[in-house]
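> Take a look at the letters that make up each chain.
There are 2 protein chains.
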Amino acid sequence: MTTDTKTQLMDAAEQQVRQKGADGFSYSDLSTAVGIRKASIHYHFPAKSDLLTAIMARYAKTVMTALDGYTRDLPTAGQRLAAFINVYRDALNEGSTLCLCVAYAVSQEGFSDATKAEIVTFRDAVSDWLINTFADAQTDGSITGVTDPKMEASHALAVVEGAQIATRFSEDMALFDQSCSALKGRITG
Amino acid sequence: MTTDTKTQLMDAAEQQVRQKGADGFSYSDLSTAVGIRKASIHYHFPAKSDLLTAIMARYAKTVMTALDGYTRDLPTAGQRLAAFINVYRDALNEGSTLCLCVAYAVSQEGFSDATKAEIVTFRDAVSDWLINTFADAQTDGSITGVTDPKMEASHALAVVEGAQIATRFSEDMALFDQSCSALKGRITG
DNA sequence: GTCTATACAAAGATAGAC
DNA sequence: GTCTATCTTTGTATAGAC
Numbered sequence: 001m002t003t004d005t006k007t008q009l010m011d012a013a014e015q016q017v018r019q020k021g022a023d024g025f026s027y028s029d030l031s032t033a034v035g036i037r038k039a040s041i042h043y044h045f046p047a048k049s050d051l052l053t054a055i056m057a058r059y060a061k062t063v064m065t066a067l068d069g070y071t072r073d074l075p076t077a078g079q080r081l082a083a084f085i086n087v088y089r090d091a092l093n094e095g096s097t098l099c100l101c102v103a104y105a106v107s108q109e110g111f112s113d114a115t116k117a118e119i120v121t122f123r124d125a126v127s128d129w130l131i132n133t134f135a136d137a138q139t140d141g142s143i144t145g146v147t148d149p150k151m152e153a154s155h156a157l158a159v160v161e162g163a164q165i166a167t168r169f170s171e172d173m174a175l176f177d178q179s180c181s182a183l184k185g186r187i188t189g
Numbered sequence: 001m002t003t004d005t006k007t008q009l010m011d012a013a014e015q016q017v018r019q020k021g022a023d024g025f026s027y028s029d030l031s032t033a034v035g036i037r038k039a040s041i042h043y044h045f046p047a048k049s050d051l052l053t054a055i056m057a058r059y060a061k062t063v064m065t066a067l068d069g070y071t072r073d074l075p076t077a078g079q080r081l082a083a084f085i086n087v088y089r090d091a092l093n094e095g096s097t098l099c100l101c102v103a104y105a106v107s108q109e110g111f112s113d114a115t116k117a118e119i120v121t122f123r124d125a126v127s128d129w130l131i132n133t134f135a136d137a138q139t140d141g142s143i144t145g146v147t148d149p150k151m152e153a154s155h156a157l158a159v160v161e162g163a164q165i166a167t168r169f170s171e172d173m174a175l176f177d178q179s180c181s182a183l184k185g186r187i188t189g
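Residue numbers (the working numbering), protein chains in the order written: chain A, 1 to 189; chain B, 1 to 189.
What the hints contain is simulated information worked out from the structure, not anything from laboratory work. Each hint should be verified, as a subset may be incorrect.
Said to hold, decoys possible - Subject to a maximum C-alpha distance of 27 Å in a straight line, what follows is the list of computed DSS-like cross-link-like pairs (lysine-lysine): (1) A:Lys20 - B:Lys116; (2) B:Lys184 - A:Lys150; (3) A:Lys184 - B:Lys184; (4) A:Lys61 - A:Lys6; (5) B:Lys38 - B:Lys6; (6) B:Lys150 - B:Lys184; (7) A:Lys184 - B:Lys150; (8) A:Lys20 - B:Lys184; (9) B:Lys20 - A:Lys116; (10) A:Lys20 - A:Lys116; (11) A:Lys61 - A:Lys150; (12) A:Lys150 - A:Lys48; (13) A:Lys48 - B:Lys48; (14) B:Lys20 - B:Lys38; (15) A:Lys48 - A:Lys20; (16) B:Lys38 - B:Lys48; (17) A:Lys38 - B:Lys20; (18) B:Lys6 - B:Lys116; (19) A:Lys184 - A:Lys150; (20) A:Lys48 - B:Lys20; (21) B:Lys61 - B:Lys20; (22) A:Lys38 - A:Lys48; (23) B:Lys48 - A:Lys20; (24) B:Lys20 - A:Lys20; (25) B:Lys20 - B:Lys48; (26) A:Lys38 - A:Lys6; (27) B:Lys48 - B:Lys61; (28) A:Lys20 - A:Lys6; (29) A:Lys61 - A:Lys48; (30) A:Lys116 - A:Lys6; (31) B:Lys48 - B:Lys6.
Assemble the whole structure, with the sequences as input and the hints as a guide.
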């Protein structure tokens with residue numbers, strides 16, 4: 001399984017952004033990680049903003065494919081919400097990395113329009129997925145107390161992203177679980 | 001009311017970090033903001049890490065003074081929680097700035113030990129304040145359904161910090177309110 | 001597609017005059 | 001306490017050989 005250079009660069013870049021933020025890594029770091037010269041990276045991604053846009057687009061696609069898979073494969077809304085929480089749990093890697101979107105939140109100001117557009121598209125897609133999930137919960141009863149799917153969706157996203165922030169500082173995954181515990185406790189089926 | 005240069009520098013730095021992150025501003029930016037030369041800043045803060053530590057320490061003091069004021073002045077736990085949520089709401093400045101702690105979350109890796117220590121101290125203090133507040137709620141009944149104050153504390157912090165992330169992208173304060181709505185809905189007195 | 005070499009600007013920091 | 005001047009390192013990016 002040989003991975004092409006472009007993919008290796010994107011893998012390394014995503015990792016670095018999620019560890020140190022978009023302003024926290026350089027082509028020099030990627031050069032070391034992938035084993036090609038700094039200048040060669042510009043062949044694949046002429047400007048850093050191209051790279052930042054590319055990894056956001058790829059990340060969005062990966063995550064949405066996973067979420068849509070849950071919609072297809074998991075019978076209840078409760079199971080889907082549990083799987084959703086796990087996506088954000090796994091993204092933490094024991095506290096060493098954040099979800100790409102959270103990592104982008106701070107630097108946002110300096111991004112290109114293309115990058116910003118990818119972020120907005122992704123967040124809208126995740127929101128819609130959550131709204132549908134909570135709407136389904138109203139039908140199948142697998143999550144307690146759902147009266148407003150839209151409100152629940154933004155609440156749930158805030159919980160998992162906020163839990164990531166907290167866990168990032170403590171590097172203790174138990175804190176992530178504790179922060180999400182009230183949300184998970186409402187899953188009944 | 002003349003503000004001394006050191007304070008002006010801290011004010012400008014805090015603003016910039018909360019807008020663009022710790023890696024997103026330079027002494028050059030501060031130079032422009034405050035109106036003294038780049039080199040002169042080093043007289044007040046020899047290294048950037050000294051500045052980052054100083055503004056975190058000051059921020060922690062300011063926020064904790066406010067929270068302790070609520071404990072003194074507001075009779076119910078519910079009122080104190082509402083005030084707490086408002087601290088994080090106000091910190092957003094219509095979506096243009098984050099709470100300093102959230103802004104630090106991404107860059108964290110590259111911080112000095114002194115800066116990290118200030119962050120940890122602050123987060124512990126906020127957590128303790130929240131735990132006490134939810135414990136009080138069990139007595140005064142001003143927040144519904146509190147069974148585990150420690151769990152509630154980390155949940156509440158995740159909600160307000162996560163809500164900041166979401167609002168940062170949308171620049172719509174209504175999203176902050178929507179994200180916190182489930183939490184606020186439990187306040188009864 | 002990757003290399004060497006290089007340009008160019010910005011960042012963090014120091015020395016010493018005033 | 002602030003200035004000018006300077007240094008060093010790093011970051012982003014381009015040109016042209018292989």
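> Next step is simple, just say for each hint if it's right about the structure.
Okay, the hints, checked on the actual structure:
1. A:Lys20 - B:Lys116: holds, 14 Å
2. B:Lys184 - A:Lys150: holds, 16 Å
3. A:Lys184 - B:Lys184: Holds, at about 19 Å.
4. A:Lys61 - A:Lys6: The given pair, whose Cα atoms are some 17 Å apart, holds under the 27 Å limit.
5. B:Lys38 - B:Lys6: holds, 13 Å
6. B:Lys150 - B:Lys184: holds, 18 Å
7. A:Lys184 - B:Lys150: holds, 16 Å
8. A:Lys20 - B:Lys184: violated, 33 Å
9. B:Lys20 - A:Lys116: With a Cα-Cα distance of about 14 Å, the restraint between Lys20 of chain B and Lys116 of chain A holds, given a limit of 27 Å.
10. A:Lys20 - A:Lys116: Distance ~19 Å between Lys20 of chain A and Lys116 of chain A Cα, so the pair holds.
11. A:Lys61 - A:Lys150: holds, 23 Å
12. A:Lys150 - A:Lys48: violated, 36 Å
13. A:Lys48 - B:Lys48: Holds. Lys48 of chain A to Lys48 of chain B sits at ~25 Å (cutoff 27 Å).
14. B:Lys20 - B:Lys38: holds, 19 Å
15. A:Lys48 - A:Lys20: Status holds; Cα separation ~15 Å.
16. B:Lys38 - B:Lys48: Measuring from Cα to Cα gives roughly 12 Å; hence the hint holds.
17. A:Lys38 - B:Lys20: Status holds; Cα separation ~26 Å.
18. B:Lys6 - B:Lys116: Holds, at roughly 22 Å.
19. A:Lys184 - A:Lys150: Holds - the C-alpha atoms of Lys150 of chain A and Lys184 of chain A are around 18 Å apart, at most 27 Å.
20. A:Lys48 - B:Lys20: Given pair Lys48 of chain A, Lys20 of chain B holds - Cα atoms ~17 Å apart, limit 27 Å.
21. B:Lys61 - B:Lys20: holds, 22 Å
22. A:Lys38 - A:Lys48: With Cα atoms ~12 Å apart, Lys38 of chain A and Lys48 of chain A stay inside 27 Å; holds.
23. B:Lys48 - A:Lys20: holds, 17 Å
24. B:Lys20 - A:Lys20: Holds: Lys20 of chain B and Lys20 of chain A sit about 14 Å apart, inside 27 Å.
25. B:Lys20 - B:Lys48: Since the Cα atoms of Lys20 of chain B and Lys48 of chain B sit roughly 15 Å apart, the hinted pair holds (cutoff 27 Å).
26. A:Lys38 - A:Lys6: Roughly 13 Å between the alpha carbons, so the hint for Lys38 of chain A and Lys6 of chain A holds.
27. B:Lys48 - B:Lys61: Holds, at roughly 20 Å.
28. A:Lys20 - A:Lys6: holds, 21 Å
29. A:Lys61 - A:Lys48: Since the Cα atoms of Lys61 of chain A and Lys48 of chain A sit roughly 20 Å apart, the hinted pair holds (cutoff 27 Å).
30. A:Lys116 - A:Lys6: It holds: about 22 Å lies between the C-alpha atoms, which stays within 27 Å.
31. B:Lys48 - B:Lys6: Holds, at roughly 13 Å.
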